[in-house]
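Chain by chain, the residues:
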Amino acid sequence: MNFTPTKEQDMVRQMVREFAETEVKPIAAEIDEKAEYPYDTVAKAAKLGLLGMPFPEEYGGGATDYISYIIAVEELSRVCGSHGVIVQTHCALCCWPIMTYGTQEQKDKYLPDLVSGKKLGAFGLTEPNAGTDAAGIQTRAVDKGDHWLLNGSKIFISGGGIADVYVIMAMTDKSKGTRGISSFIVEKGMPGFTVPKHENKMGIRGSLAGELVFEDVKLPKENLLGDLGKGFKVAMTSLDVGRLGIGAQALGIAQGAFDETVTYMKSRKQFGKSLDKFQALAFEMAEMRNRIDMSRLMLYKACDLRTKGLPSTVAAAQAKLACSETAMYVTTKAVQFHGGYGYIKDYPIERMMRDAKITEIYEGTSEVMKMVISGDIFK
Amino acid sequence: MKIIVCAKQVPDTTEIRINPETGTLIRDGVPSILNPDDSNALEEALRIKDEYPDTHVTVISMGPPQAKEMLMECMAKGADECILISDRAVGGSDTWATSNAIAAAVRKVGAFDLIFAGRQAIDGDTAQVGPQIAEKLGLPQVTYVKEMELVDCEKAVMVKRALEDGYQEIKVELPCMLTAIKDLNKPRYMSVKGIFKACQPDAPIRTWSAADIEVDLGTVGLKASPTNVYKSFTPKPKDPGVFVEGETPSEQVENLLSELKKKHIV
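So the sequence lines, in the order shown, correspond to chains A and B. Residue numbering for the first sequence follows this note's numbering, beginning at 1 and increasing consecutively. Residue numbering for the second sequence follows this note's numbering, beginning at 380 and increasing consecutively.
In case anyone wonders, no lab produced these hints; they're calculated from the structure. Where a beta carbon is used, it is the ideal one built from N, C-alpha and C, also for glycine. Fair warning: there could be bad hints in the mix.
[Unchecked claim] Restricting the straight-line Cα-Cα distance to at most 27 angstroms, the calculated cross-link-like pairs of lysine-lysine (DSS-like) are:
no. : chain 1 : residue 1 : chain 2 : residue 2
1   : A       : Lys230    : A       : Lys176
2   : A       : Lys25     : A       : Lys269
3   : B       : Lys572    : A       : Lys119
4   : B       : Lys617    : A       : Lys269
5   : B       : Lys525    : A       : Lys47
[Stated by the list, open to error] Only some residues are given here: those of chain B computed to face chain A with a beta carbon under 7 angstroms:
no. : residue
6   : Met569
7   : Val571
8   : Lys572
9   : Phe575
Just chain B, with the same shape it has in the complex (with noise of 0.2 angstroms):
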């Protein structure tokens, strides 16, 4: 079996902080980090190789030259192969032209069983690049996938996908697309041994350009990305509000009914 996995570096960070002049993310003394969501999704790839060794799993992510240390993790972990698209003329992608270039990059590994993706990066919060990675390919995709299993032969998953009141069951026919929910599984370490293969000058990790991924170059990078950052700031936080005390119950509504009367609410 072939699995494909689309994960992305992030800042190590839920509380992006944001330069109010610039409007841009303070990315300075921020580590970075595989995006938690995509480990679930490597997670659930390693696991399948673990039930059935003579799966290959590859990592696709797009980025700076230093996200290769983000993929050096996935090796450590037990990746057997990765791929960085790394070049100018794909920096700055938005949503659109980054699924443009994954798919591209997922059109030249070949074929494949599985993508995994993880739901949405801890950056953008978007949860766009896999759906669109999938519209792309034409692939069948499921969501917020929080369990799977492989059945009919391994040509097909029974899929879980986490709504906000309870689950849909689905049954996909591969290959297809799955986006993770931390739920799906827990990640596992690295392990002394993936490190110590991931830091061998000849491991797998490779770094792919915009003409190596033969992509469009119209449909990629800055200029192709039909979405335009207006303004990025902080909320102000909400006022702390005040809390209506008393002994007891009837107390607490009479000193609420008093205060409301102050401001001629009631």
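One chain only, chain A, in its complex shape (with noise of 0.2 angstroms):
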């Protein structure tokens, strides 16, 4: 057993946190009150080689672990939660399935754009009447021998609109239920392709969601992703990886809240002593710091286990749930210890609790993770 840092994952959070500190803590207090995509620090992450570091070299990824991976998304994410996650769902719910269902040609077409950033990319599984429970999609894809042709929709997808390739999944046969989805590439501008709306979301607010609509898509025979009728497999295993990166946005979020709320501590007075002096307070934080610790071994736990091949659903599903209720808690303490200060939007603290409510929910809900877990105990 190994807890400590490669010197690799040292460098990326020196390198990531300089980055954040520069060029996304400036901007992220306004591309959340104005729900703008932030396209220049995307531009200027991606050139850093942040939109593909667990990926391949012969596609121009990092070769990364994934712990340097997610070091990189929490490093984001304590500053602005919107980065973390569209960095995350970029990498786990595109570039990965990508590589690892696609034929050689879909990898050779795609992967280099999306790896280097020049291209991004989305995941389309939630529809207006399924979402944890996938076997309820209405999006079907139809065989006309030559093409699919592509009919449904899609809500609240990050990225969606932004986006230039997605990973869609699609019902070819409604009879089998979730063994009757298969998962589709599909670019954006294809004709009957549309984003109508965006979603004006309560939290990460610079990450776009889209409501995705598809009115008789024709879509190349090629652009099957995996096996028919494996779609549902390919939702779940990127959604396993998405859940470290989910973990790794809710942790940043923590961590991002505890240190303004330490530098807080510290200067703010009242009854002729800084906050810091009130070991009621003090012993709160002793309690968020805990598990902040507990929730990032847990996380870099299930990433090791990911980067060394061995299963990890599991220990993904855990590591979700204790990162996104750590944020939640840790987020509100920090607002509550903030008090007036807390609640408004000169401060960061306010929006980090509205970022980190998102974390319960989506890629699969706090639930979802207890029946992953409770499944496990109980096999």
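With the hints as a guide, bring both chains together as one complex.
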């Protein structure tokens, strides 16, 4: 067992922290307020190699371990949850399934541009009537001999309208339930594919979530990703990777709120002394740090399993559950400790609390995480 | 084109604390970084490399073995090769002795077109090592460089040298030494690929001893250093002073005069 970060992991943290503090922090409040996608900083992050870290060098990736990648998402999220999820969705839910299930032609066609960040990726599973219950998806792809005909819609899609390449789940045989789902690669600009609106969200407002509409979209036959009827597996295994990223996003938000609170407590004086001198508050900070450190250990352990190619589904669910609940716990306390200042937008704390909430919901709710974990206990 | 960059690892603080009893720097708990001006020096070399891809950038530093970490950062930003002069024989060197060692290492590296150094390091603040290296290598030098451009088919540089009230424009033939200030550029970040390359066990980061650089041992190290630190101390903070207040300017003047009269100054 080894709890010491590698030199690479330390340097990745140093690099991304510097980048996040210098480039991302100054715009974090503004992209939240205006719900604006941060094209400039995402392009800068791409230049540093942050959009293709755990992917092979032959496609232009960094060939890094998963802990290094997760540290990058964590450090971005420490100052801005939107940037964290932008990187994570692109990597885990678009690059990863294409790398894992794609044919050689699909990998050669899509990965170099995705991994370099020249193009951005997204993933579409959720529909108005199908979230956690994936078998209920109504988007259909019909085999028309020389092409697939795609009809239906997706909602709450991170990067919808922004991304260039989409991994989309569609029913190819309704009678087979989840075994009738197949996954497809859909590209921005294909006739019949539109993004009519973006959601007005509570948090992570710089990462736009859109509705995707497919009306008689003709997909080339070669755009089927993975085997016919194996789309559910593509989605679930991608979400296993995604949960590491969401765990990292949650952990980063928690760490960011914690660090802001430490600074605030040292400077804010009440009753003639600074807040850190009040033991009741200091003890709560000790509790927060413990929860953050415990969550981090669980997350890095799950990443280590993934890097080694060992089963990591349950560990990823445990890590995501722990990190997202820690994020909610810490940010709520952080707002409380900031008092009135925590509730206004002059400070980043209220944004962090709003950003934290989604981590308990997307890429599998906390309840789904408990289904996975308890299923493993009583298997 | 072959470029050499001189860099130093320094404690990450602009407010260095000094142990009042020993008069030495307190380094505990202070992380070490690439000296800020040196990071501008490296950036300028890397910008030239961006423009002329066959450029080779070598970073030279002198310091204890842990200075290798700073050189790994230089490599992660894009340097091709790094050399650390590390040897007990050169320990305790002042600026004169340090520049002897670095000049020797530069000679050992061989032919080059440009040497960049930072204006000064944030720990010693002497701004002497760069110019001294240039003198010892017989090179023309321009200090306080805020802008530069290669001209005459890369045989010379046009340089803007910052002065307190403006700048000088100077044309210098290569090879030469330029010392960088922070206005010169915005240093880049490390890249993911750069980091993983710098961490490879066979990364070209070499440690050279005094013997390797073939330097006269009588010109390096503490004993050969003509500078002796007599005393280091933290100056006492100045008295905050008194603000003379008043609703209107004339009231303020009146109040000031009465204060001065009280002290029999006027």
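Hint by hint, which ones does this structure get wrong, listed from lowest number up? none
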